[in-house]
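Going down the list, the sequences are from chains R and F. Heads up: the first sequence begins at 0 in numbering that gives the first Met the number 0, then just goes up one per residue. Heads up: the second sequence begins at 0 in numbering that gives the first Met the number 0, then just goes up one per residue.
I should point out that these hints are in silico values taken from the structure, not numbers from a laboratory. The C-beta atom is built at its ideal place from N, Cα and C for all residues, glycine as well. Incorrect hints may appear among the rest.
As the list claims (entries may be wrong) - Looking from chain F toward chain R, a few residues come up when the C-beta cut is under 10 Å (computed):
#1 E113
#2 N268
#3 E293
#4 T295
#5 R367
#6 D370
To be verified - Output of the computed footprint for chain R on chain F, the stretches with three or more beta carbons under 8 Å from beta carbons of chain R:
#7 156 to 165
#8 214 to 225
#9 321 to 335
#10 394 to 407
To be verified - The calculated lysine to aspartate or glutamate pairs, modelled on DMTMM-like cross-linking and capped at a C-alpha distance of 20 Å, are:
#11 R:K266 - F:D77
#12 R:K62 - F:D339
#13 R:K269 - F:D370
#14 R:K122 - F:D72
#15 R:K41 - R:E194
#16 R:K98 - F:D342
#17 R:K98 - F:E148
#18 R:K62 - F:D342
#19 R:K266 - F:D339
#20 R:K125 - F:D342
#21 R:K58 - F:D339
#22 R:K62 - F:E148
#23 R:K266 - F:D162
Each chain, letter by letter, is given below.
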Amino acid sequence: MLTKNVKKIMIASISSAIVLLSFQAQAEFSDDPIEKGLQIAKKVKERDLGWGDSETTLKMILKNAAGQTSTRELRTKTLEVQGDGDKALNIFDHPRDVKGTAFLSFSHPIGADDQWLYLPALKRVKRIASRNKSGPFVGSEFSYEDLSSFEVEKYTYKFLREEPCKGGTCFVVEQNPVDKFSGYTRLVSWIDTTEFRNWKIEFYDRRNSLLKTLTVEDFKLYLDKYWRPTSTNMTNHQSKKTTDLVFEGYEFRTGLTDRDFNKNTLKRAK
Amino acid sequence: MMKTLFIKMPRRSYAYSLLFALGIFFIAGTASAVEISGSTQFEVTAYARDGQFDGQDYRSNFSVALAPEFFWDWNNGDSSIVFTPFYRFDENDEERSHGDIRELDFLHVFGNWELHVGVRKVFWGVTEFNQLVDVINQTDSVESFDGEEKLGQPLISLSRVTDWGIFDAFILAGFRERTFAGEDGRLRGEFIVNESNARFEDDREENAIDFALRWSHSFGVFDVGAYWFRGTDREPILEASFSNGSLQLTPFYEEIDQIGTDIQATVGNWLWKFEGLYQKSNLEEYSATQLGFEYTFFGVANSATDIGVLLEYGWDERGEDSTAIFQNDIFVGARLTLNDSADSALLVGGSYDADSSTRSFLIEASRRINDRWTISIEGLLFHGGDTNDPLTALNDDDRIQITFERFF
Numbered sequence: 000m001l002t003k004n005v006k007k008i009m010i011a012s013i014s015s016a017i018v019l020l021s022f023q024a025q026a027e028f029s030d031d032p033i034e035k036g037l038q039i040a041k042k043v044k045e046r047d048l049g050w051g052d053s054e055t056t057l058k059m060i061l062k063n064a065a066g067q068t069s070t071r072e073l074r075t076k077t078l079e080v081q082g083d084g085d086k087a088l089n090i091f092d093h094p095r096d097v098k099g100t101a102f103l104s105f106s107h108p109i110g111a112d113d114q115w116l117y118l119p120a121l122k123r124v125k126r127i128a129s130r131n132k133s134g135p136f137v138g139s140e141f142s143y144e145d146l147s148s149f150e151v152e153k154y155t156y157k158f159l160r161e162e163p164c165k166g167g168t169c170f171v172v173e174q175n176p177v178d179k180f181s182g183y184t185r186l187v188s189w190i191d192t193t194e195f196r197n198w199k200i201e202f203y204d205r206r207n208s209l210l211k212t213l214t215v216e217d218f219k220l221y222l223d224k225y226w227r228p229t230s231t232n233m234t235n236h237q238s239k240k241t242t243d244l245v246f247e248g249y250e251f252r253t254g255l256t257d258r259d260f261n262k263n264t265l266k267r268a269k
Numbered sequence: 000m001m002k003t004l005f006i007k008m009p010r011r012s013y014a015y016s017l018l019f020a021l022g023i024f025f026i027a028g029t030a031s032a033v034e035i036s037g038s039t040q041f042e043v044t045a046y047a048r049d050g051q052f053d054g055q056d057y058r059s060n061f062s063v064a065l066a067p068e069f070f071w072d073w074n075n076g077d078s079s080i081v082f083t084p085f086y087r088f089d090e091n092d093e094e095r096s097h098g099d100i101r102e103l104d105f106l107h108v109f110g111n112w113e114l115h116v117g118v119r120k121v122f123w124g125v126t127e128f129n130q131l132v133d134v135i136n137q138t139d140s141v142e143s144f145d146g147e148e149k150l151g152q153p154l155i156s157l158s159r160v161t162d163w164g165i166f167d168a169f170i171l172a173g174f175r176e177r178t179f180a181g182e183d184g185r186l187r188g189e190f191i192v193n194e195s196n197a198r199f200e201d202d203r204e205e206n207a208i209d210f211a212l213r214w215s216h217s218f219g220v221f222d223v224g225a226y227w228f229r230g231t232d233r234e235p236i237l238e239a240s241f242s243n244g245s246l247q248l249t250p251f252y253e254e255i256d257q258i259g260t261d262i263q264a265t266v267g268n269w270l271w272k273f274e275g276l277y278q279k280s281n282l283e284e285y286s287a288t289q290l291g292f293e294y295t296f297f298g299v300a301n302s303a304t305d306i307g308v309l310l311e312y313g314w315d316e317r318g319e320d321s322t323a324i325f326q327n328d329i330f331v332g333a334r335l336t337l338n339d340s341a342d343s344a345l346l347v348g349g350s351y352d353a354d355s356s357t358r359s360f361l362i363e364a365s366r367r368i369n370d371r372w373t374i375s376i377e378g379l380l381f382h383g384g385d386t387n388d389p390l391t392a393l394n395d396d397d398r399i400q401i402t403f404e405r406f407f
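Whole structure, please, built from the sequences with the hints as guidance.
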């Protein structure tokens, strides 16, 4: 008898807690799907503010439809820029014929990014046209725009629904690129409701058919605040090619400043 | 044959470089282990015909080049040494069998400053078909037809990054003479250049010390550079002389003052490019320019392929009757980049001399075979117009060259 009652009470209080929690979550966001989408995007950005700078080594494993693989290895140094897009310096270690090739980019929320490529054989720095946002990055399934920093201004948003996902419960949000040179008509993102991490993105091409899906294997917490993916997979549904991106540990606040991102540092990146 | 094994460098600055490097190795006792990388090139060339001149009676050529790179760094990467020796063996051309120290560079970074001491390669410029303002290093002209390969330059340079751009100062400690094809070399003029008799305006000859200052900056869509150079002209005047009863050419290196600029505007799909220089010596003064654009069609026909269209124009005030090769020349090209995992790329280009109507045609294709090997194919076709144009000497040098490169 007693145990039955206890059970009943427990179930009642748990369900009311859930109701209360979801009510609170509801209260935080607007009922208007457009407004709510924007609020979620702002929250994603807000939760990730203040990380400063980071360095990571990453491995790209490219696999074609026949299952043949090739690997790229690069090191990335990134600087958070308040009020603008991030600055990044990518240095290639593998394959050997591109070892020492380095890529400097200043991303901007609106308009073209500034990008320079360093070719070590000629010691030449080339400013490159950055309108190729949708072009593949080093032959992978990631385009330049997939790899540039997330800025709220880059999209308009629409909240679609809430549903269970790998990260628990996710907001499903549609994003429409503002830049007319984007390779996509829309993106659909699965963002968890507690930590605001992006677990999955579907990319729809210019003809609005599903082109690619990005899925995150897992996240790791840094500095008790910032979540970074440990590995991600991009699958191209049209070409059947995939690219795995494996991050080999992040280091935050290594002391990078603005002066580590210019043509001189690009040329001496090794 | 033995003489070609010597690395032709100003003896004194060469000795200084080595002494300096030894000193640094000693200081860098704490340096991390050496990192070794580099490549070996295997090159096969097929010519359509025998050449026009004595010594050029062959249609195939084999060559191997080795370029390892040794790299040490310490002080958290703020101090480093890179050493890149280079050696090429050529089956036919004794002058192309040659060695060089491409780099032996000690670099130290402190804050916004960068100090280089040793032997270095420095590239300036923005255009594709002619490297007009790339004046720090001497051209290693036996290496490639396009003049993009350079000899290592002994120097001390200081660079500072500021909010108003990057400022560089160079003390060029010693002069490198240009390499020229020997009697058995293809893609050369009618007369052999005799390097051993080279003349210099500066009495110190190859021990002369030259200077350069450069400012460069990026703002908005613009990347701009400007420089001043004082010293020995990298481009010699070739004077006719008799030696052992045969006509030869002797390089004469003038003292010059040169100012130059390079500008690129990157606007959407367009790259607008301009290079210009003004040069003054005791014999003459002139201006020259190379300008043009590259327009890229990204993701052609819903593929990952990019197609770039290039158009450039080269002009030199000295005109047709001078050593200037690109005095009134038009260059057209198309660059195909597949953006695939093998980095496949193709460049097709042509030049047309509006004065002599000489035409040349170039095709370059390259791709990665696997993690260790790449292949590149280069085709060159020449059609000389009037006989005043130096390129008519190449009329029988149409060739196809295949290079396999192994990286380690």
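Enumerate the violated hints, using their earlier numbering and listing them in ascending order. Hints 9, 19, 22 contradicted; others consistent.
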